[in-house]
Amino acid sequence: PGVAATGTPAVTKGKLIYTMDYDLGILDGSGESGWLVTSWLAKGYGTRYYAINPVTGQVVEGEEGAEVVLCANGLVRFVWKDADGNEVSADTVYFIDGEPKTFDLYAQIYGLDGVLKEERKILSWTQTSEDPYFTVVLPEMNKIISELGGGSIAGNELVLTVTDDNGDAVVLGLDGEELIRLAGVDASEVYAYSSSDGSFVSVYRPDSDQTEFYRF
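Take the sequence shown: its position 123, counted from the start at 1, is 123 in the numbering used here, and no numbers get skipped.
The set of hints was computed from the structure by calculation and includes no laboratory data.
Since we're looking at a predicted model, the values are computed, not measured.
No incorrect hints appear here.
Just the calculated beta-carbon pair ranges, DEER-fashion:
#, residue 1, residue 2, range
1, Leu16, Ser124, 42 to 48 Å
2, Gly85, Ser146, 22 to 28 Å
3, Glu189, Pro1, 20 to 26 Å
4, Thr102, Pro9, 47 to 53 Å
Each residue gets a CB set at the ideal place from its N, CA and C atoms; glycine is no exception.
Let's have the full structure, built from the sequences with the hints guiding it.
In structure tokens:
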């Protein structure tokens, strides 16, 4: 999913480490692990989630309803499979179409080194008219996340303030200091998020319709 940045380079002490098309925001990340997790800003089943290691270039992909989660001791990618063992999208599972089908949810557990260590089936679900995500699925996901030392499906991101300074969009850090300046970019359409440790920052910029990721 990584692309070349097309916007005018920002003025920043941070390092541009990754660029993606369209509007995304950081959900989680830690400088210590080297991983960040980002997703589309638009939410709902089908929203893409990406765990990215900018140094190695490895990407582990998930989606809302079968997310990829950064944990203290690894990464976990949740994935739904049909009766034949083929991966299916979450909305196929959560929205019944015709006769009820049975799907299995798997946890693919990665080390922080990016190596897949284990794939484990964690539940089977036969469709009803109910959405099982919060009642059935989430508790089982959270057991795996706890086993890996804890993490957050919803994310631990911090929303950063974006202000206009003489026609430049300026992203402010948590201390109120200038982090990133985008010359001539409309600040009202810039969205910026930080990992809770401050090491990774995502900035969506409307001039290029891209999201840039910075390391601090």
